[in-house]
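Student: Make a model of the complete structure from these sequences and hints.
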Amino acid sequence: MSMRILSSCCKMSDILAEGVTIVEDINKGREPISSLEAIYLISPVEKSVKALINDFKDTVFTYKAAHIFFTDTCSESLFAEIGRSRVAKVVRTLKEINVAFLPYESQVFSLDNPTSFKSFYGSNPSESKDTMIENMAEQIATLCDTLKEYPAIRYRKGLDENAKLAEEVNRRLTAHKADNPSMGEGADKARSQLIIVDRGFDPISPVLHELTFQAMAYDLLDIKQDIYTYQTTGVGNSKEREVLLDEDDDLWVQLRHQHIADVTKKVTELLRSFCESKRMCTDNANIKDLAQMLKKMPQYQKELTMYSTHLHLAEACMKTFKASLDKIIEVEQDLAMGTNADGEPIKDPMKSIVPVLLNNDIGPFEKIRIILLFIFHKKKGIGEENLNKLIEHANIKNHSTIISNLQNLGCNIIAGGRNSGKTLPARKERTESTYQLSRWTPTIKDVMEDAIEDKLDKKQWPFIAEPAPINTTQTTVNSARFGHWHKNKSPSEYRSGPRLIIFVIGGVSHSEMRSAYEVTRSTDGKWEVLIGSSHILTPNGFLNDLKSLDQDSVPTS
Amino acid sequence: MRDRLGDLQLFLSESPEEARPSEEQSPEEAQPLELYMFQGEDEMEQIYKEAQLMQKEMLMLKLDVKRLGKQNTRFLTSVRRISSIKRDSNALGRDIKARGEAIYARLERLGKRSKELEEEHGAASAVARMARSQCVYLTRAFHEAMCEYNRAEMLQRENCKTRIQRQAEIMGREVSREQIEEMIETGKCSLFSDNLLLEGRTARSALTEIENRHKELLELEGRIRDIRELFFQMALLVEEQGCMLDNIQANVGQTRDYVAKASAQIRQAVRYKKNNPCKKLFCCCFPCCR
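As they're listed, the protein sequences go chains A and B. Per my numbering, the first sequence runs over residues 1 to 557. Per my numbering, the second sequence runs over residues 1001 to 1290.
Hints should not be assumed to be uniformly reliable.
To spell it out: a stretch of chain B is covered by chain A in this simulated footprint if at least three of its residues, at any positions, have a beta carbon under 8 Å from a beta carbon of chain A; those stretches are [unchecked claim]:
1) 1118-1130
2) 1228-1236
Heads up, incomplete: computed chain A residues facing chain B, CB under 8 Å, no partners named [to be verified]:
3) I82
4) L94
5) Q301
The set of hints was computed from the structure by calculation and includes no laboratory data. No residue lacks a Cβ here, since even glycine has one placed at the ideal position from N, Cα and C.
Tutor: Next up, the structure:
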């Protein structure tokens, strides 16, 4: 995990510039290089510590000296083991840097722990659940430590785990505060809040087809580990190119939350104005001309590659969309919103979903998503025979566990079944004009807005400890200016405004990530909303995880 | 951040007995030392020296580019001794080109060396990976430097065009940017051929101004065109490498378990066999028996 943290923060060229020669994985056998000192960036788990000790067990040490950095607090027993081994003689540095999370984006974090979904919501109780909660709490506490926040912790009243996690986080946070008293200092920091919410609170968002660039790309295309692969005719011959979609790509940061229709328009527009400013005469700048342009003006390779990537990406999304999805998405939006595009409540949802279910061209996962949305639409769940009939129609018998396992999340699937009485929370009426096929806003956005305006109901969202009394809302602007000489990517450490941190147990979807940015923007930067979870969800990933929830968990190594 | 080195020292002082038994073993095992030494030590030294030299060269290149930028601004602000300023700019441009090509040649050599190392020691060996990382890193740095040069020249271009426009306005003629572009393309000052009837010293001096700017622009174009070949090769190189090589996770993913060469163990086994105490004892006893 420490490797992924490092990878998301720096590039190879950054660390090479600082004098690092090579990066290795501690769990693999390594060549001894006894002339160089080694920096160990590891999580304080048994496996890594043993590997560390092994490096210095034989007569000849693998490296000249060791500088050890733990990502979070090292337990006493492991610490003692290190102290007793020969490593202790060559250790020059030993620090706990308290960064045990992955900064996925500027306002999104991840704990890089996808297996926690099963541990939390699995049908078979596993003992590892408590350790999992403790680990997560520690990771969240390191996040607050890094951000220098000491927020008031709230959780959603519904699932017991929420309260357990919240209390654990509180405990760890207090421990960190003892070591690091500067946490939470600042004029407005007393208003910061950390809200813990479970996935069952809003099961619609991860299942719905979204039409914003990032959500759509991750849903429809096969993007693993943020790498997008495509065929290109670049400066050389046609070959496969891999592009990393992260915040180094300015155009991606601009476009990722925009609707796909806007994206295609915007990219072609930007490309055209770029060409005009560089005096390249093209009538309509499209992908095929890019190769030509690159040959004529190789000094603009970086910019042109960027445009090429995004054009390809947008085109790929649109292709998949046009193939089968436009009808499905219409039905989905109607079901999710409860009203059709004109604002009238839909009368007979069954009629609209049956043709989709009977259509054999549509994949099973899409059909399951429609069925799930239908069930959520019917607030009290549906009868078991109805459900079976639907499954028959859609011919998805072998995936039916997905639907039944949703009950583990606390959702109301079977009328009168396990979770009867629980309903999905009511959502705000939104009057902004949106595209017809993108009317849905994630429920978490309502929570964010209410929390910022201090309107969040204290009974449904109780505090762990009463927050400090809110003093005057005079924001001191001078301290905000102070941080601006740090023009690197993380001036958030010096931010003086309050923060709202949302942690979703069980995965966060792209639409919810987008909401965090939108809400931050709507407060004009006074509040900063961060959202994160144990991992980032894609709809197919979510459904796959749900499928195996009732099976026995695989013993983790 | 919590510094726990102090705690560790406490542990050390508490348990010194652990260290002693291991020290007694060391003299016997001193021999296999060289077997564990890093094989590619001296090669890495070479590569580092080369990398350092190249970084120095690139620093010089960047300084040259900055000087060119300053020179360009001087050209615009002072009206005198245009020819000498122009000469300096051209000289700088040539310098940059020469340096750039030298660096590129070294980069190619480094690339070849890194490929050789890969074949010799295997793609996953530490030496090969180190060489490759350095290669990628230096290529990127060079690419950056060239882009900066391009930006400086483009800036100069825009400034010249603005000056021309302003001068033309002073003369009383509105010249649009497209017309200036045309002028540059065709390389002719056709715009002013119909102004032969202009009178007045100011108008004439303004005309000479514009002609000078125009000439400067043309020379700029020439400089860029010269160096274009270099840009093209750079672009090819960077494209080949792709952006994933800069990603740490991708790099670590390619590492493989290091398997110490079997020959080392065999040598050790032979040595132990020779030092077999039974044999030694036997030899000792023999003279005694005599």
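Student: Any hints this thing doesn't respect? Which numbers, in order?
Tutor: Nothing - there is no hint that the structure violates, so all of them hold.
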